[in-house]
Every structure is written in C-alpha cells, then in structure tokens.
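Spelled out, the chains give:
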Amino acid sequence: MSASYPPLSRKITNVVMLTLTGLCTLLVLSVLLTILGYLLWKGASSLNFDFFTKIPAPVGQSGGGVVNAIIGTLKLLTLATVIGVPIGLLGGIYLSEFASGWSAFTIRYTTDLLNGVPSVVMGIFVYTLVVVPMHHFSTLAGGVALGIMMIPIALRSTEDFLRAVPRSLREGGLALGASKSETIVTIVIPAAIYGILTGIMLDIARVAGETAPLLFTAFGNLFNSPGWLQPSASLPVIIYTYAISPYEEWHKQAWAAGFVLLSGLLVLNIISRVILARGKKISHG
Amino acid sequence: MRPFDLSQLSKAHDVRFAEDDPTDEKLPWPQFTVADLNFYYGSHQALKGINLIVPNKRVMAFIGPSGCGKTTLLRTLNRMNETVPGTRVEGSIRLGDKDLFSFPATRLRRVVGMVFQKPSPFPKSIFDNVAYGLRLDPAIRRNEIADRVEKSLRRAALWDEVKDKLHQSANGISGGQQQRLCIARALAVEPEVLLLDEPCSALDPISTAKIEDLLFEIKNLCTIVIVTHNMLQAARVADYVGFFLNGELIELNRAKQIFQNPENQQTQDYVTGRFG
Chain A
1 MSASYPPLSR KITNVVMLTL TGLCTLLVLS VLLTILGYLL WKGASSLNFD
51 FFTKIPAPVG QSGGGVVNAI IGTLKLLTLA TVIGVPIGLL GGIYLSEFAS
101 GWSAFTIRYT TDLLNGVPSV VMGIFVYTLV VVPMHHFSTL AGGVALGIMM
151 IPIALRSTED FLRAVPRSLR EGGLALGASK SETIVTIVIP AAIYGILTGI
201 MLDIARVAGE TAPLLFTAFG NLFNSPGWLQ PSASLPVIIY TYAISPYEEW
251 HKQAWAAGFV LLSGLLVLNI ISRVILARGK KISHG
Chain B
1 MRPFDLSQLS KAHDVRFAED DPTDEKLPWP QFTVADLNFY YGSHQALKGI
51 NLIVPNKRVM AFIGPSGCGK TTLLRTLNRM NETVPGTRVE GSIRLGDKDL
101 FSFPATRLRR VVGMVFQKPS PFPKSIFDNV AYGLRLDPAI RRNEIADRVE
151 KSLRRAALWD EVKDKLHQSA NGISGGQQQR LCIARALAVE PEVLLLDEPC
201 SALDPISTAK IEDLLFEIKN LCTIVIVTHN MLQAARVADY VGFFLNGELI
251 ELNRAKQIFQ NPENQQTQDY VTGRFG
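For the protein sequence lines, the chains are A and B, in the order given.
Residues 1 to 285 in this note's numbering are what the first sequence spells out, letter by letter.
Residues 1 to 276 in this note's numbering are what the second sequence spells out, letter by letter.
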C-alpha cells in the first residue's frame, strides 16, 4: 500500500463531512441547552422551596409557588396513562399479532389520522364529550383528552416493537406446543417489553407538555384541586396564563415552571433510554 | 401399528405391512406414513405427490438443493406451516396409526418437536428456556421441573457447560451452545419425534460435531428427521436419506445406498456435486 492511500481528495471529503455532521449535532444540542439555560436564567430567582410547596400567592404579593400545577400535571398524566395505555397496548398487540388485510389497514390508518388531529380540536372534542354533560371543567376531562392523545403513539410503538420480535422466537414457542396466545403472552411480549415501556414513557413525555387540550378541559385552578372532578391547574396551562399576565412576578414563575416541565421531560426521556438500553443488554447477553 | 418392509419406504400409498413376523426387529415401525402429499404456498406447489414412510427410532435425512421442498415437508410433519397464511395441504399423513390432522396442533407439537436453522433461545434464562415446554403442561408437577431440566441439558450434552449459570440469559452463551439449548428445550417434553431444520448451518465445525454426536445419543429415544445441506452430515448421521428435487421425492433409500450406489441419475449427480 502506498503512502498516499487513501488519496488526498478522499481525505478532504472525509474531514469536511465529519466537520459538517459534527456542527449539526452541536447545533441541535445547543438549541436544547440554550432553552434550558435561558429558562433557568430567567426563572432561577423563583426556583426556591416555596415554588414546589406553595400554591400561587395573591396578585401583588411576592412569593408563592405552583405546587397545584405540579400535582395537577401528575394527576392528569396518571389519568391519561390509565386511559390511554391499556387501549394503546391491547390495540398494538391486536394490530401486530391478529389483524390482517383490511382490518389492519383500517386500524393503522385511523390511528395515524387520530395522531394527526390538532390538539386544540381534541380539547374541543372532550369539552363536548365530558365537560358539557358535567357542567364544569375537571381533572377527569383533562385526563381523558390527554389519554386519547396518547393512544395512537402507544398503539403504534407497541405494534412496532412486537413486530420486531423475530419470527423464530414465535415459532420456537409454537413448536413446543404453546398456543398462539400463550406464545404472545409468554415469549413475544416479554421479548419486546423494554421497547414497549420506552414507547409509553416517551408517549407520556409527549402529552405532558400539551396546553391546548387542557384549556378546554382541566381549565386551571389557583388552588389545589381536590379529587378528580374539579378544575385543575397544570404546568403547561400555568405557563401560558402566567406568561400572558401583566405581572413581573408571574413572568418569572412562568420561566421557572417551564424549566421544571422541561427538566421533568428530560428525566423521563433519559429514564426510558436507560430502560431500553438495559433491555437490549438483557436480551442480547 | 405394524412393521413394514424397507422396500416400501417410498411407496406409502400402497404399503403392505410385513405380515410374516411382526416381532422381527430388523423391520422398523412406521413413525410417519405420508401418502400423496401436495403442498401449496398460494398458487405455488411446493410438494408434489410425496409418498414416504419415516421409520421409528431411526434417523432420516432430507437432502436436495434450496427450494426443493425438504423444509416444507419437515414443517408439515408438525403442522408448523399452518401458521403461515395462504398455505394448503392435500393428501394424508399418519403419525403412528393416527391421522396427523386429527390432533389439536398444540398437542401434536409436543409429540413432534422441532429445532430450527437459526438458534432461537427465548430471551429468558437458560433454565427457563428448557422449562418453558414443561410449564405449559399442567400435568407436570412444579417440583419435577428442575430434575427434568437437568436431564434434558445432560442429554443435549450441555449440562457441564451451563450448570453454573442456569439463571443467566440464554443469549449470553455461544451459538453452538444456544443450538444445543434449543435441542434440550425440545427434548424436555420427551417428544416421540424430533425434527431438525438444518440445525448446524449456522455453526462452526466443532459445534456441528457436538450436535452430531448428540443425535447419535438421542436416536434411541426418539425418531429424528433432519434437513441438511451438508452431504457429509447426512452420510454421518442418517440411516435413511431422501433426495428431493423441485418438490418431488426423487429417491429414498438407506443412506449407504444413496451415497454409494444411487438408483437415480439425478441423485447420483447431486450427491457427487455435479449440480445443486
């Protein structure tokens, strides 16, 4: 091999492309870090113990917190998960393992359409479905709205991870005399479980930041919301209402709430990546 | 069930069972009797009028070029092809003296076990892999399972290599060990028949030798039908060899006969490496 291998032109191409891809990665990362940093810079003065433990202070007074919104968001996400995940999970199993031909096409198509429904339309839909008959806004309505929004991604990601389980594993189970449903429950789902869990966590992270559907359903609340049938505050909505308010103190708290929400989503994302990586390690030795 | 004359191996449609001495140990019992079998994938006919008898407690190998139908026939013997949409079977197969299609598929597959080309351990521990089939059967007591797992792993000549890591992931052992694990898994439910679909094609020569040794060990426990592309392997392990071409059974005979003095010119060409 001569000393000039590879030729200079290829070396230059290599350096240029490597620099370009590196710069793009840096650009993407810097957007995220800039947002996080900016939120922290603007909201840091409000990030104190009270912020996480107190309800909002009356206008004009300083201090107070957004504990009602934090608890509200956790309750809304719990309810959404309880509603959206079982439907998405079972639908995904059906789509991957049992549906074929036109039924598979129909389910896949409608799910993708549902995924494309603007979130504000989802809010209005649940408003007529839940809020109007009950005559008031509630955590329940918000949870239903977010839950419906979770279905398409839970369903499609479950389907994708189940489909990725090799046919050889299914046949291995069938060849030992397991029925199709026994094979699905004892082999296929366990083989895909880490992927399915990851999909669900990313799904939760996605709806956690939704604002529009909550405006018509959970509405908002300056106090802690008791039970499930009263209007409830939530982080995205509090960011929205505080940000458009005329009060300097609220602006700062909106920044801080944004930082808390984004950090929460980041943690959720990281946890789900760790779960997926661990799952890969277990199933591939 | 009655023993049959070996000259009738490939004439199942008019098989006359040997009446003279049913206790004659030289005459084997039919494990499978396949008569006028046609198999279709959609409109493509993969098997054409197959007639053959698989003798009990012997090793029969199916050889032939890719796409000749040997794997299809193997997968018909435990009705694994039923799980593939668009397939159709015509003709009759008897397991012993019963119609193969009269069993529920799940019960049949416990009697007719199968090992696949690619080692396919479940993403579970080594122990749980072997216990899988046992746990499906409510008649098997929980406290028997550990013993039967050990017995199966010993039969598959894997026990000494894995006894200290039974509860580690089955994906952590080598490909050859994984394939022996799959054999142990199939043997655990004590099938009458073990079908092997090119079990060594993804393995190195040492792992292959271990599996061939193990087939010798288990052939007095169950009937073995093996599909292989490796002619030497067929010559080493099989008592009988069937040669397939384009969905037809060209010749079925004692292994020695097939490799040393085949009756059919096409068989001769194939085993001497002139085509395929």
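Just so you know, not all the hints are guaranteed correct.
[Stated by the list, open to error] Think about it this way: if two alpha-carbon atoms lie no more than 25 Å apart in a straight line, the pair counts; the simulated PhoX-like pairs of lysine-lysine are:
| # | chain 1 | residue 1 | chain 2 | residue 2 |
| --- | --- | --- | --- | --- |
| 1 | B | K118 | A | K280 |
| 2 | B | K118 | A | K180 |
| 3 | A | K280 | B | K57 |
| 4 | A | K280 | A | K54 |
| 5 | B | K210 | B | K118 |
| 6 | B | K98 | B | K151 |
| 7 | B | K98 | B | K163 |
| 8 | B | K98 | B | K165 |
| 9 | B | K118 | B | K165 |
[To be verified] If we take Cβ atoms under 7 Å as the criterion, some of the chain B residues that face chain A in the derived model are:
| # | residue |
| --- | --- |
| 10 | R109 |
| 11 | R110 |
| 12 | M114 |
| 13 | F116 |
| 14 | S120 |
| 15 | F122 |
| 16 | P123 |
| 17 | S125 |
| 18 | L136 |
| 19 | P138 |
| 20 | R141 |
[To be verified] Simulated DEER-style distance windows between Cβ atoms:
| # | chain 1 | residue 1 | chain 2 | residue 2 | range |
| --- | --- | --- | --- | --- | --- |
| 21 | B | K151 | A | S179 | 24 to 32 Å |
| 22 | A | G101 | B | K163 | 46 to 54 Å |
| 23 | B | G67 | A | T13 | 38 to 46 Å |
| 24 | B | S201 | A | L90 | 35 to 43 Å |
| 25 | B | E150 | A | S119 | 55 to 63 Å |
| 26 | B | G86 | A | N224 | 45 to 53 Å |
| 27 | B | E150 | A | L36 | 50 to 58 Å |
| 28 | A | R108 | B | G49 | 35 to 43 Å |
| 29 | B | H167 | A | S103 | 36 to 44 Å |
| 30 | B | G67 | A | L90 | 36 to 44 Å |
| 31 | A | L32 | B | S201 | 56 to 64 Å |
| 32 | B | K165 | A | S4 | 32 to 40 Å |
| 33 | B | R142 | A | T21 | 35 to 43 Å |
| 34 | A | E182 | B | K151 | 19 to 27 Å |
Hints listed in this document are in silico derivations from the structure and should not be mistaken for laboratory results.
Glycine is no exception: its CB is placed at the ideal position from the N, C-alpha and C atoms.
Hints, one by one, checked against the model:
no.: 1; hint: B:K118 - A:K280; verdict: 19 Å, holds
no.: 2; hint: B:K118 - A:K180; verdict: 21 Å, holds
no.: 3; hint: A:K280 - B:K57; verdict: 41 Å, violated
no.: 4; hint: A:K280 - A:K54; verdict: 42 Å, violated
no.: 5; hint: B:K210 - B:K118; verdict: 16 Å, holds
no.: 6; hint: B:K98 - B:K151; verdict: 30 Å, violated
no.: 7; hint: B:K98 - B:K163; verdict: 39 Å, violated
no.: 8; hint: B:K98 - B:K165; verdict: 42 Å, violated
no.: 9; hint: B:K118 - B:K165; verdict: 22 Å, holds
no.: 10; hint: R109; verdict: 4 Å, holds
no.: 11; hint: R110; verdict: 4 Å, holds
no.: 12; hint: M114; verdict: 4 Å, holds
no.: 13; hint: F116; verdict: 6 Å, holds
no.: 14; hint: S120; verdict: 4 Å, holds
no.: 15; hint: F122; verdict: 5 Å, holds
no.: 16; hint: P123; verdict: 4 Å, holds
no.: 17; hint: S125; verdict: 10 Å, violated
no.: 18; hint: L136; verdict: 6 Å, holds
no.: 19; hint: P138; verdict: 12 Å, violated
no.: 20; hint: R141; verdict: 18 Å, violated
no.: 21; hint: B:K151 - A:S179: 24 to 32 Å; verdict: 26 Å, holds
no.: 22; hint: A:G101 - B:K163: 46 to 54 Å; verdict: 49 Å, holds
no.: 23; hint: B:G67 - A:T13: 38 to 46 Å; verdict: 44 Å, holds
no.: 24; hint: B:S201 - A:L90: 35 to 43 Å; verdict: 38 Å, holds
no.: 25; hint: B:E150 - A:S119: 55 to 63 Å; verdict: 58 Å, holds
no.: 26; hint: B:G86 - A:N224: 45 to 53 Å; verdict: 60 Å, violated
no.: 27; hint: B:E150 - A:L36: 50 to 58 Å; verdict: 56 Å, holds
no.: 28; hint: A:R108 - B:G49: 35 to 43 Å; verdict: 41 Å, holds
no.: 29; hint: B:H167 - A:S103: 36 to 44 Å; verdict: 41 Å, holds
no.: 30; hint: B:G67 - A:L90: 36 to 44 Å; verdict: 39 Å, holds
no.: 31; hint: A:L32 - B:S201: 56 to 64 Å; verdict: 48 Å, violated
no.: 32; hint: B:K165 - A:S4: 32 to 40 Å; verdict: 51 Å, violated
no.: 33; hint: B:R142 - A:T21: 35 to 43 Å; verdict: 56 Å, violated
no.: 34; hint: A:E182 - B:K151: 19 to 27 Å; verdict: 24 Å, holds
The structure fails to meet hints 3, 4, 6, 7, 8, 17, 19, 20, 26, 31, 32, 33 from the earlier list, while all remaining hints are met.
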